[in-house]
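A.B. asks: Letter by letter, the chains look like this.
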Amino acid sequence: MISREDTRRLLQAGLDASKADQTEVVLIGEDLSLTRFAESQIHQNLYRSDTMIHVRAIKEKRIGIASTGRLNTEAVAAAAREALAIAELVPADEDFASLPGKADFRELKTFYQSTAEFSPTQRAEVVGKLVKACAEHKLKTAGAYRNYVETVGVMNSLGVDSFNQSTRAELSATVVGDSGNSGWGIAYSRDTNAIDVGELTEVAIDKALRSVNPVKLESGQYTVILEPAAVGQLLLFLAFMGFGGKTFYQHRSFMAGKIGEQITGEKITIVEDPLNPEIAGTPFDYEGVPRQQVPLVERGVAKGVVYNSYYANLAGVKSTGHALPPDNSYGPYPKHMTMAGGEHTLKEMVAATERGVYITHFWYVNFLNPMQTMVTGTTRDGTFLIENGEITSAVENMRMSQSILEAFSNATMLSKQRKLYPQYSVVMLVPAMKVDNFNLEALEG
Amino acid sequence: MIDKIEKHSESILTYLAGKCEYADLRAEEISSERLSTSSRTTNPPEKSDSTGIAIRVLRNGSWGFAATSQVSEKNLKRMADLALEIAAASASVNSEKLELSELPAVTDEYSTPFEQDPFALSLSEKNDLLLGWEDLIYKTEGISSSSTFLDFRRIQKYFQATNGSKLRQTLMQCGAGVSCGMVMGHRERYERSFPTASGQFVTGGFEQIATFKIEENIERIASEALALKDAQECPSGEMTVILSPDLASLQIHESIGHPLELDRVFGSERNFSGTSFATPDKLGKLQYGSEIINLFSDPAFPGGLATYGYDDEGVKADRVPLLQKGVLVGYLSSRETAQRVGMASSAAARADGWGNVPLVRMTNLILEPGEQKFADMLSEVDEGIYIEGTSTWSIDDNREDFNLGGEVGWEIKGGKLGAMIKSPTYSGSTVDFWNKCDSVGHRDEWVLWGTPNCGKGEPGQNARTAQGAAYLRFRNVKVGA
Chain A
1 MISREDTRRL LQAGLDASKA DQTEVVLIGE DLSLTRFAES QIHQNLYRSD TMIHVRAIKE
61 KRIGIASTGR LNTEAVAAAA REALAIAELV PADEDFASLP GKADFRELKT FYQSTAEFSP
121 TQRAEVVGKL VKACAEHKLK TAGAYRNYVE TVGVMNSLGV DSFNQSTRAE LSATVVGDSG
181 NSGWGIAYSR DTNAIDVGEL TEVAIDKALR SVNPVKLESG QYTVILEPAA VGQLLLFLAF
241 MGFGGKTFYQ HRSFMAGKIG EQITGEKITI VEDPLNPEIA GTPFDYEGVP RQQVPLVERG
301 VAKGVVYNSY YANLAGVKST GHALPPDNSY GPYPKHMTMA GGEHTLKEMV AATERGVYIT
361 HFWYVNFLNP MQTMVTGTTR DGTFLIENGE ITSAVENMRM SQSILEAFSN ATMLSKQRKL
421 YPQYSVVMLV PAMKVDNFNL EALEG
Chain B
1 MIDKIEKHSE SILTYLAGKC EYADLRAEEI SSERLSTSSR TTNPPEKSDS TGIAIRVLRN
61 GSWGFAATSQ VSEKNLKRMA DLALEIAAAS ASVNSEKLEL SELPAVTDEY STPFEQDPFA
121 LSLSEKNDLL LGWEDLIYKT EGISSSSTFL DFRRIQKYFQ ATNGSKLRQT LMQCGAGVSC
181 GMVMGHRERY ERSFPTASGQ FVTGGFEQIA TFKIEENIER IASEALALKD AQECPSGEMT
241 VILSPDLASL QIHESIGHPL ELDRVFGSER NFSGTSFATP DKLGKLQYGS EIINLFSDPA
301 FPGGLATYGY DDEGVKADRV PLLQKGVLVG YLSSRETAQR VGMASSAAAR ADGWGNVPLV
361 RMTNLILEPG EQKFADMLSE VDEGIYIEGT STWSIDDNRE DFNLGGEVGW EIKGGKLGAM
421 IKSPTYSGST VDFWNKCDSV GHRDEWVLWG TPNCGKGEPG QNARTAQGAA YLRFRNVKVG
481 A
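So the protein sequences, as listed, match chains A and B. For the first sequence, position 91 matches number 91 in the working numbering, and the numbering has no gaps at all. For the second sequence, position 8 matches number 8 in the working numbering, and the numbering has no gaps at all.
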């Protein structure tokens, strides 16, 4: 884990060596400690420390980026010279206005020593407990326990000088029986001590035990109850398809031309909310711009998208602080989305369902038609039939082919309780959702 | 960096040999360069260097792994001790001790053969090539968005293990592609890509880019992108389907390659990438596909994106049959997984860079060419659909039920291509589907497609794989919704 002082020293070396009109130096470090298990055995167990420094140099609107993993001042200076050399070889980008200037940001508690110091032995103890609890029910488990320490430092020639260190802990586990019956759970926190291993174990075991003898349902439209993870997977794809300023500007987003219009159901409010205390997002983006709260959808009405400095300039607005790392060309992206909850408990939602399908989460979600927010994927690790307000049996996995906005339009109930759901480097705070007329097909396998 | 590591590796491995059953050390220097354009604007070119070392140990029958980008003698020792500590933690939970298949000690070097070093060419020369492709795209009036890219990677690896193996490799990889499209209103977007949606990737030098024939195909794909707005909706029903070679490659990747990864078969990916129906009890028995399907893994096959001398466990690249006359006869495997079925490793243990544990990954999967060229294949179809390009793919976590789609399709009537079809999709169940294959395309139309973005594992590892295929024809396939 690199210190603030060492980070500043390296970043400053890049600025000092640059003869560009404007220069930005970004350090991104990650220390990952991960224990992976399957068949109730630890089969992959690792520590990895990786740090990269990216230099972006601008000369007469020509932009070059060079990156190095060598953490010494000479290597960073060499990267700065290389970035400028690259910039001098390519045409000017007339749409580029400027790197962002210095701005204050609000500090949130993002770092927990408990996570940073969690040892391989401690992770093994957690896995051991999980294995033992499963064995008591003649079940086996597979999963991953990860603890991250992430460092981001940004300095630029306009005075930006930002540094943050954060931690993340994530435990996910699948519990499996002899007949292929399975249940799954996931827990996330910046503080590894806040991971509720007991609750996760209980939920995953309960689902695995209930998943025996699944019935096969016909293809058709069903009322479904989506657990928070399933809602989060749909929300993540919705964001891919339209909440970023680049796709919006290029008219490749379903949000393009729709701001102010009703695009989905009135129960749906989605906010990019890095300042939410439960999420505690990193306080600035990879350009050093403070991350802002951005309403994306309010009561079903399209409200806005997120920006980095480049696309904010094109759109004539201010950056919302959602730049990705300099070597990522995807454009700005919301990494801390929340969806407003409702008034109900999950139990009440099941009780209010005459006939429906209860879905734990999805697998291999992929686009079918991004402009129409159409995706496909299959259910996994805990799919159940609801009859007369009760879960009555397990259901064989099914394929959904569904417009996400249409599904959200058909949402009739949302849970009051929301859960943190991590996926890739995104963390979402999402409720469970009851949806009518959800397309499910019987699998052909 | 590698020379520096080699100086210290002997003493570290000697140190580890006294404390565990097996250990290996892997050092990598990865240089990358990516140039791209979006709608005639040059995106900032990116050049990157990543270096690091990894130590992997097997202690008391359990694995430990530690890696760092900060290469020094002190860190090498630190990673060695950490890997031992991690392995001990693994062993505290594990009731079973794992074993590895045999590995002879080898000292060798391997380098990708190439003529023109892509890193030696100026950026402006490469950027001009991309802007030239952009100009060609916009010769077709009506195109409103476009993108192009060139991607180069040089990977230098050093591997040394306690069994005495010492291996040096230098791999050179090149990729390129274009796409273009138009947006209609705020509801529809039509795109076509070439050579395929993610571009084409191979091992070799810059001379390979010209072999992709991008310039020759731009006008065609641009006019097809425009024509898609008036194309018919995809029909629904059972019919004969012909897949273009790039879509056939994706079909092989998803429904043959992944199911035959032996770690997945044994449940290693149960919590993430899933399992496989192709369990060892089916080996030698399962009629996976029709009798015309012959497929093998070959990381030594010239020019493939997954062509190398040795895998990341030091196993020599070699040809391993997977499907013979349609029957399941082999797996993609590592030393650990191969040992469990009494086979030799297929040299498929591959790590995404220095900082990851080797997993069983696809290599070059070669579907042996058949007898028919596309025109002959087409002439035998009274009614059906021809699908080209790749646009969507999804398959269940046991690798059986799949749904794939192309960028464009054409109806087939009376042995000829008819009207254009937008967003064509088809679905099926793996074994049933491959048994419906009644024609495998000819050698003259066969292409080894590179896939630069195959995801697997936690943390996510990106593998570069390849699948070789020509056109494929299947009967009685479910098409559309």
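Derived by calculation from the structure, the hints in this document are not laboratory data. Some clues are possibly wrong.
[Unchecked claim] Think about it this way: if two alpha-carbon atoms lie no more than 35 Å apart in a straight line, the pair counts; the simulated DSBU-like pairs of lysine-lysine are:
{"id": "1", "chain 1": "A", "residue 1": "Lys258", "chain 2": "B", "residue 2": "Lys139"}
{"id": "2", "chain 1": "B", "residue 1": "Lys316", "chain 2": "B", "residue 2": "Lys213"}
{"id": "3", "chain 1": "A", "residue 1": "Lys129", "chain 2": "B", "residue 2": "Lys77"}
{"id": "4", "chain 1": "B", "residue 1": "Lys422", "chain 2": "A", "residue 2": "Lys258"}
{"id": "5", "chain 1": "A", "residue 1": "Lys61", "chain 2": "B", "residue 2": "Lys139"}
{"id": "6", "chain 1": "A", "residue 1": "Lys303", "chain 2": "A", "residue 2": "Lys132"}
{"id": "7", "chain 1": "A", "residue 1": "Lys138", "chain 2": "A", "residue 2": "Lys347"}
{"id": "8", "chain 1": "A", "residue 1": "Lys347", "chain 2": "A", "residue 2": "Lys109"}
{"id": "9", "chain 1": "B", "residue 1": "Lys74", "chain 2": "A", "residue 2": "Lys109"}
{"id": "10", "chain 1": "A", "residue 1": "Lys19", "chain 2": "B", "residue 2": "Lys126"}
{"id": "11", "chain 1": "B", "residue 1": "Lys282", "chain 2": "B", "residue 2": "Lys325"}
{"id": "12", "chain 1": "A", "residue 1": "Lys318", "chain 2": "B", "residue 2": "Lys285"}
{"id": "13", "chain 1": "B", "residue 1": "Lys285", "chain 2": "B", "residue 2": "Lys436"}
{"id": "14", "chain 1": "A", "residue 1": "Lys216", "chain 2": "B", "residue 2": "Lys436"}
{"id": "15", "chain 1": "B", "residue 1": "Lys282", "chain 2": "A", "residue 2": "Lys216"}
{"id": "16", "chain 1": "B", "residue 1": "Lys422", "chain 2": "A", "residue 2": "Lys132"}
{"id": "17", "chain 1": "B", "residue 1": "Lys19", "chain 2": "A", "residue 2": "Lys129"}
{"id": "18", "chain 1": "B", "residue 1": "Lys166", "chain 2": "B", "residue 2": "Lys77"}
[Stated by the list, open to error] Examples of chain A residues toward chain B, derived with CB under 8 Å:
{"id": "19", "residue": "Ser3"}
{"id": "20", "residue": "Gln41"}
{"id": "21", "residue": "Arg56"}
{"id": "22", "residue": "Ala124"}
{"id": "23", "residue": "Gly128"}
{"id": "24", "residue": "Val131"}
{"id": "25", "residue": "Asn276"}
{"id": "26", "residue": "Ile279"}
{"id": "27", "residue": "Ser329"}
{"id": "28", "residue": "Asn366"}
{"id": "29", "residue": "Met371"}
{"id": "30", "residue": "Thr378"}
Note that the Cβ used here is the ideal one computed from N, Cα and C, for glycine as well.
A.B. asks: Would you mind marking each hint as holding or not holding in the structure?
C.D. replies: We went through each hint and held it up to the structure:
| no. | hint | in the structure |
| --- | --- | --- |
| 1 | A/Lys258 to B/Lys139 | 31 Å, holds |
| 2 | B/Lys316 to B/Lys213 | 33 Å, holds |
| 3 | A/Lys129 to B/Lys77 | 32 Å, holds |
| 4 | B/Lys422 to A/Lys258 | 25 Å, holds |
| 5 | A/Lys61 to B/Lys139 | 27 Å, holds |
| 6 | A/Lys303 to A/Lys132 | 49 Å, violated |
| 7 | A/Lys138 to A/Lys347 | 28 Å, holds |
| 8 | A/Lys347 to A/Lys109 | 33 Å, holds |
| 9 | B/Lys74 to A/Lys109 | 33 Å, holds |
| 10 | A/Lys19 to B/Lys126 | 24 Å, holds |
| 11 | B/Lys282 to B/Lys325 | 15 Å, holds |
| 12 | A/Lys318 to B/Lys285 | 63 Å, violated |
| 13 | B/Lys285 to B/Lys436 | 18 Å, holds |
| 14 | A/Lys216 to B/Lys436 | 25 Å, holds |
| 15 | B/Lys282 to A/Lys216 | 25 Å, holds |
| 16 | B/Lys422 to A/Lys132 | 53 Å, violated |
| 17 | B/Lys19 to A/Lys129 | 28 Å, holds |
| 18 | B/Lys166 to B/Lys77 | 19 Å, holds |
| 19 | Ser3 | 13 Å, violated |
| 20 | Gln41 | 5 Å, holds |
| 21 | Arg56 | 7 Å, holds |
| 22 | Ala124 | 4 Å, holds |
| 23 | Gly128 | 5 Å, holds |
| 24 | Val131 | 6 Å, holds |
| 25 | Asn276 | 25 Å, violated |
| 26 | Ile279 | 21 Å, violated |
| 27 | Ser329 | 6 Å, holds |
| 28 | Asn366 | 5 Å, holds |
| 29 | Met371 | 5 Å, holds |
| 30 | Thr378 | 4 Å, holds |
Comparing the model with each earlier hint shows violations of hints 6, 12, 16, 19, 25 and 26; every other hint is respected.
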